[in-house]
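Assembly of the complex is requested from the two constituent chains, each provided in isolation within its own frame, with the hints serving as guidance.
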Amino acid sequence: MSFFSQPVGVSHFLVVGAVLFVSGVVCMAVKRNALGVLMGIELVLNGANVNFVAFSSPFLRSDNAYALGLDGQLISLFVIVLAAAEAAVALAITLNFYNNHSTVDVDRADELKG
Amino acid sequence: MTVHPINWHTAFFMLYAVVACTFGVAVVVSSNIVRMALYLIVSLGATAGLFFLAGADFVGAMQLFIYVGGTLVLLIFGVMLTAKGPFISMRTSGGDWIVAVLLSGCLMALLVPAAFSVASWRNERHAAVDAEPDDSDTAVLAAPRTVAAAHQPAATEEPPAPFIDDNGDGIPDVQPKTATALGLGLLGARVDAIDAKPEMRPGMSGYLLPFELISVHLLVVLIGAAYLARAKRRVR
Numbered sequence: 001m002s003f004f005s006q007p008v009g010v011s012h013f014l015v016v017g018a019v020l021f022v023s024g025v026v027c028m029a030v031k032r033n034a035l036g037v038l039m040g041i042e043l044v045l046n047g048a049n050v051n052f053v054a055f056s057s058p059f060l061r062s063d064n065a066y067a068l069g070l071d072g073q074l075i076s077l078f079v080i081v082l083a084a085a086e087a088a089v090a091l092a093i094t095l096n097f098y099n100n101h102s103t104v105d106v107d108r109a110d111e112l113k114g
Numbered sequence: 001m002t003v004h005p006i007n008w009h010t011a012f013f014m015l016y017a018v019v020a021c022t023f024g025v026a027v028v029v030s031s032n033i034v035r036m037a038l039y040l041i042v043s044l045g046a047t048a049g050l051f052f053l054a055g056a057d058f059v060g061a062m063q064l065f066i067y068v069g070g071t072l073v074l075l076i077f078g079v080m081l082t083a084k085g086p087f088i089s090m091r092t093s094g095g096d097w098i099v100a101v102l103l104s105g106c107l108m109a110l111l112v113p114a115a116f117s118v119a120s121w122r123n124e125r126h127a128a129v130d131a132e133p134d135d136s137d138t139a140v141l142a143a144p145r146t147v148a149a150a151h152q153p154a155a156t157e158e159p160p161a162p163f164i165d166d167n168g169d170g171i172p173d174v175q176p177k178t179a180t181a182l183g184l185g186l187l188g189a190r191v192d193a194i195d196a197k198p199e200m201r202p203g204m205s206g207y208l209l210p211f212e213l214i215s216v217h218l219l220v221v222l223i224g225a226a227y228l229a230r231a232k233r234r235v236r
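Those protein sequences? They're chains S and W, same order as listed.
Under my numbering, residues 1 to 114 are what the first sequence spells out, in order.
Under my numbering, residues 1 to 236 are what the second sequence spells out, in order.
Derived from the structure by calculation, the hints contain no laboratory data.
Even for Gly, the Cβ is constructed at its ideal location relative to N, Cα and C.
Please note that a few of the clues may not be correct.
[To be verified] Output of the computed footprint for chain W on chain S, the stretches with three or more beta carbons under 8 Å from beta carbons of chain W:
| id | stretch |
| --- | --- |
| 1 | 9-23 |
| 2 | 49-56 |
| 3 | 97-108 |
[What the hints assert, rightly or not] Derived DEER-like restraints, expressed as beta-carbon distance ranges:
| id | chain 1 | residue 1 | chain 2 | residue 2 | range |
| --- | --- | --- | --- | --- | --- |
| 4 | W | Val34 | S | Lys113 | 27 to 33 Å |
| 5 | S | Tyr66 | W | Arg35 | 40 to 46 Å |
| 6 | S | Phe3 | W | Leu208 | 26 to 32 Å |
Okay, chain W solo, but in the shape it has when bound (with noise of 0.2 Å):
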């Protein structure tokens, strides 16, 4: 048995994506609304590194911002003034969590197949010394290894590259900088799709509108929630 040198873009993964889904069944088990609004802090937080991981950093970084520290405040202020006495913890009968359980388990025996049914999303780069070599899988295989990979002994076998490096260079091709593509695409300007094929570039329009209309949208619905949430004067 062969030991292959750990990934640490797997590792991390690994443990974001055990946080985040271990505290979102937290929420669903708990019964004890404070500890579930916690749960959820640290569920969507983990959702955050898995965001970074992905090379979304802009995205990552408002997750952080924009939810867990507006709309999870929010959501604790709501269970700050709600939270009295019989309102802590609520039950649900047993017959519902069977219901539940059992709705939950089909969902997932279908969800869970259907993530794993393309061949390109699972994201195998071994597979290439058996497989019939095409041009990249070589390119990737003939890289620079880094120094550590590079003192294993011969009989070990090329560990799997950890990115797409196809000029060999040591650093992947495709940097993670988003927010300036990110912020000319919300005011219609796509710098990224420059240079893409002109046969995909009708799809690859700018996001000014929709912008434009989360904004007016954002605007009134936080209005609308402080009209509804006022004190009243109750009139005697």
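Chain S extracted, bound-state conformation (with noise of 0.2 Å):
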């Protein structure tokens, strides 16, 4: 099998960020529970990290000349603080939509509907 002979590039990490982010936004779409919404967040946002991370690494591309260098790990640094600053705010509001409201179900959360 001549697959696992050749070197992986840029491409098979795109593959799997990619997979991570539809993952994602689909977890958005469909969970019912606050805390699935937040989960698939956090997968979208991996997954960008992955690309990110593929487009700094000067080792996956045969024109290693214009990889992207360190910025994209840097990004993906600032990334990985942002989704932990996310994750405490959503975290601290579900918490307390369930305090004030005895539930996670976001299609409850309709108050605001004008």
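Right under this line is the structure:
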């Protein structure tokens, strides 16, 4: 099987990032539990991180002079920190909603409906 | 049919990629919130393995520390505080699932061909044999093989070089030691861009201002989260 003797490239990492991104988008769309929506956001950010790291790597492409360099890794670090901050706030909001309404169903959060 | 030696980088990439994708999809498919959290931990941990394989050692370690060790523990606390009775498994209606599968199929059909659309992203090193040889490819093919590859019979065609090795000393030209360069980049000094071409230099500024912004942002956000989620004393 000659696939396992070939080096992987940016494309293969992009496919993994695409799968994680699509999983996250679908998770955000179909989950009714607020924490499930939060997990979908984590998956989306993680898929984006995979792309950033793959483009920053000098090992994964045949023209490695055009690799993104350390910028991609720095941006992915910022994304990780932003994801942590976002999870903290979203979790606090969810717990507040649970305390006030005794549910975590996002379909029941319709008090602001006009 | 010739038997190529296994490229272990590819093999481990496949392992981590399959684990990350499988558990990422399992997060969507599962309806039990506790299992979803567990699958998410496995998926993000396998993604950290992918970061290590891409040469991003510091980012992979931070993925394990902050994401898996911090953010997901926070999420699991949320799951434990709210997982009661009907909220453990909340099912979605069938019509929503059909729309979701259609949407995800369309998105994948867009993204996967886009990922393979650029030739240099595919990183194919074997095409140099019949394509016209240029400098870097002949240097790669002339590099000394490892002992295992040298014992292959002569009829076997050359296995592709697993890494860029232009000076032919058997170790990769670029070593993944990124922690120092990343730390100095966050302080505003780009030690990795010292010998960059002058026309590339202006885009490679440091990241001191974004680092300060995100530090204050994280502090404000955590204080705000603690304020939002505090235990309220009911006044009767």
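Earlier hints that do not hold, by number: 6
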